[in-house]
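Given chain F, work out where chains D and P should sit, using these hints.
As given, the protein sequences belong to chains F, D and P, one line each in that order. So the first sequence is numbered by this note's numbering: it starts at 1048 and just counts up by one. So the second sequence is numbered by this note's numbering: it starts at 40 and just counts up by one. So the third sequence is numbered by this note's numbering: it starts at 187 and just counts up by one.
To be clear, the hints were calculated from the coordinates, so they are not data collected in a lab. Model, not experiment: these values are computed from the prediction. Among the hints, a few may not be true.
Unchecked claim - Under the rule of at most 25 Å between Cα atoms (straight-line distance), these lysine to any residue pairs were calculated in the SDA-like manner:
hint, chain 1, residue 1, chain 2, residue 2
1, P, LYS199, D, SER121
2, D, LYS207, P, ARG321
3, P, LYS216, P, LYS248
4, D, LYS207, F, ASN1070
5, D, LYS125, P, ARG321
6, F, LYS1095, D, SER94
7, P, LYS258, P, LYS282
8, D, LYS125, D, ILE240
9, F, LYS1134, F, SER1149
10, D, LYS118, F, GLU1232
11, P, LYS421, P, GLY407
12, P, LYS467, P, ILE478
13, F, LYS1103, D, TYR80
14, P, LYS413, P, GLU393
15, P, LYS421, P, HIS453
16, F, LYS1298, F, SER1149
17, P, LYS261, P, GLY272
18, F, LYS1095, D, ILE240
19, P, LYS199, D, SER94
20, D, LYS125, P, THR240
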Amino acid sequence: MRIQSIFKVLRFSLLDFFSEKSNFILYFTVIFLYQLLYIVFLRVIFLKVPAIYGLKFSEVLVIFGIFQVVSGLFHLAFAYLIWFQEKYIWSRNLDVILTLPSNPILYITLKEIPGQIMEIITVITGIVIMATGFVTGGGISILGLVKIIIATLLGFLILSGFAYFLVSISFLLYGRRSVFEAFYEVLELGQYPITIYPKSLRVIFTFLIPIGFLATYPYLSLYKTQMLIFMFIASLFFLISGYVFFHYFLKYYQSGG
Amino acid sequence: MKYLNIAFYSFKDSLISLSDFIIMSIRPFTILFIQFFLFKYVFSHEREVGGYTFSMIVAYIFVVGFISTFVDAGSFPYKMESSYIKGTITTELVLPVDYYFFEYFKNLGQRLAFSLQFIIANLILYILGGIKVKLINVLFFIPSLFLAFTLNFSMYFIVGSLVFRFVKIAGITEVVRFLGGLTGGRLFPLSFLPEVIQGFITRLPFAYTVYFPANILLGKGFTKEDIIIFLFWTFLMTFSSILIFERLRETAEGYGG
Amino acid sequence: MTVLMEFIKVSKKYRKSDTLALDGVSFELKEKERIAYLGPNGSGKTTTCKIMSTVLYPDSGKVLFHRQNIFKMRKEYLKKIGVMFGNKTKLMENIKLQDAFLLLGHIYGLPEKDIKKKVFYYAERLNVGHLLDKRLREFSLGERTKSELIGTLLHDPEMLILDEPTIGVDIISRYEMYELLKDINKTRGTSILITSHNVEDIKELAERVILINKGKVVFDGGFPEFKRRFGVEEKDVVLRFRNYTEFEKAKQELSGFVKRIEGVNLHLAIRDEEMPRVLNKLVSFQDYEILIKEKDLSEILRRSFSA
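Extracted from the complex, chain F is given alone in its bound form (with noise of 0.2 Å):
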């Protein structure tokens, strides 16, 4: 199969999701619920205290939302990555999927996106939650508009560099599917502003699990342009060191047979 005809079949998958009205309805709802929760929480507190660490509730549900649309693009693309090894590694259909010629991950990311497209409500929702906080807290120039969808998809691209990672770490860790659900559950992390956190840990959720850029950060590039402009270098970071990360260990992949 061509990464077109890939295509045709993600758009038919789509469009198949968007008609069966129960499928649909019974995944808005667990979405809708689950966030719904969250931020219910989050007013709660905001009943305590004005603003957490200087964020006002607006501003935070705008990270709230942020998380949202990033993770829901993660899972959209790299759910994959907890059955990873028993799909691809020991059946050895990784081995089919290299005499291809195309981007492995790339390939296999767009194979595996009809079985998750259920996460577009995640996306969608997100979206929502971002414009209500735009809007209660007193609206966004266009300017600033360009910069949070250009920080957004830039989080997305450092998680997905991170993804690399992650699929080299497959390689290693055989029969460790648990490991990888455990880093989902750790991503959660971020639904909030990890200010929260001592700087311990946001350091950690800077440099070695990048927590922080699934929500934090692209807010805050919204006031510092410096923010954005460190995005955009982690993003090259996190992509190219991902590839070659994963080259080295696909490498020891093909030579371990």
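Relative to the frame of chain F, chains D and P by itself:
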């Protein structure tokens, strides 16, 4: 006796492999982590919120982490749905047991396995002096924990029974889970809420599944009225769940192939 | 022989698909009897098994066991019967098989010593003794099915309901199961009701056949009569010749059995009792390949009902 055996083997059945188990145990701690740092910020501004000091709230989130994991039965309706659609439920329905108690004790064993890490965490916190409990409170807490387990299980057993009528019950399960998460006191003590809402929510059954037992253990005290409502909900839900199950299973049609 | 179980005018309608799965089905099952309960797909076989095991409730009619309504004494009744649904298991999958049996035995209220003794005996007979320390999730389909059968037999049921028990199971395991079932039927007088698509199951286990189609009983009689009526004992034999004169010779001599001719292939239908006579003739031909096919029961039934 046979039901205790069911609980015992179900406990063993849940401890599949040690390494997976340890990694899985980390997962529920992410939310605890978020709670801890958010509350830390709140209490850096207020000495006391809703009758809690910071050290009390830390004890609260650990205790509640244990209780909510222990009493959880949210996956039961999903298990019913898939075993009904695949038809595997038939193999359980032909056993000479009361299905309610069969599943009750199976769930009990399973939940005990899944909440082991919280038991350990709470013990450590107790030894470090983070939780202060009186023996008398523990004596009241244990029966209230089992009542809470019964109440929560019965509610999800009712939802699970709906499979005989509607087959697809994921949507309603999620709504119930949401209500449980919101009004049970899992994320924050219900006393954090404005009084009007509090008065209403603390009378709903979910408040008795998590919030109420936690308050008993932490020595927050309780009234005679609380006990009466707690017993009322537990008996009502248990009896109606058994009744509804028997009624609906008579009308069942499918069981997969 | 006394009557063990009675089905009296049992009907069940599926409202969702608007089909009458059972339409006034009546039959009796006597002690020690071995019945094959057959029918084409969707005829109501599995519905019958499910009603018989109290999983489904009938819309009308009665099901009696020792002259008592099974739905009014569910728990006691379930203790007296053993039910097995093909490809499904009542054993826990992540604990050792031995423990899974122990739990099942406890559920039926058996003392631990008895359970262990029986498990050991049956495991030896079915050749799964070496698996008792392993977990069910690691088993092959044959091993799973045999384990499930042991679980079904632990409490010495008076009656066995086996719904497609051998589906997907290899031939050696199947024969091990047949031997054990026949033995239990003989020594302990356990009645057996089995549904299957496999001719061998029926040949090995059934004395009596009940045939159901579109929710109604269309045949109830001994196995020999069933064979005659539905041609179960016929085998499809194909002779593929490489030599034309030999082909012509065979065509003439076997004319009574020829069903169809395709090029130089002779398709024959031969009844079991005629097999020796035909084999004797076959010896005199040369230059051919022979292919013998066991008939698929569902195929036979489908054909006889669509005719």
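(message) If you test the structure against every hint from before, which numbers come out violated?
(response) As far as the earlier hints go, 2, 7, 8 and 19 are violated by this structure, in ascending order.
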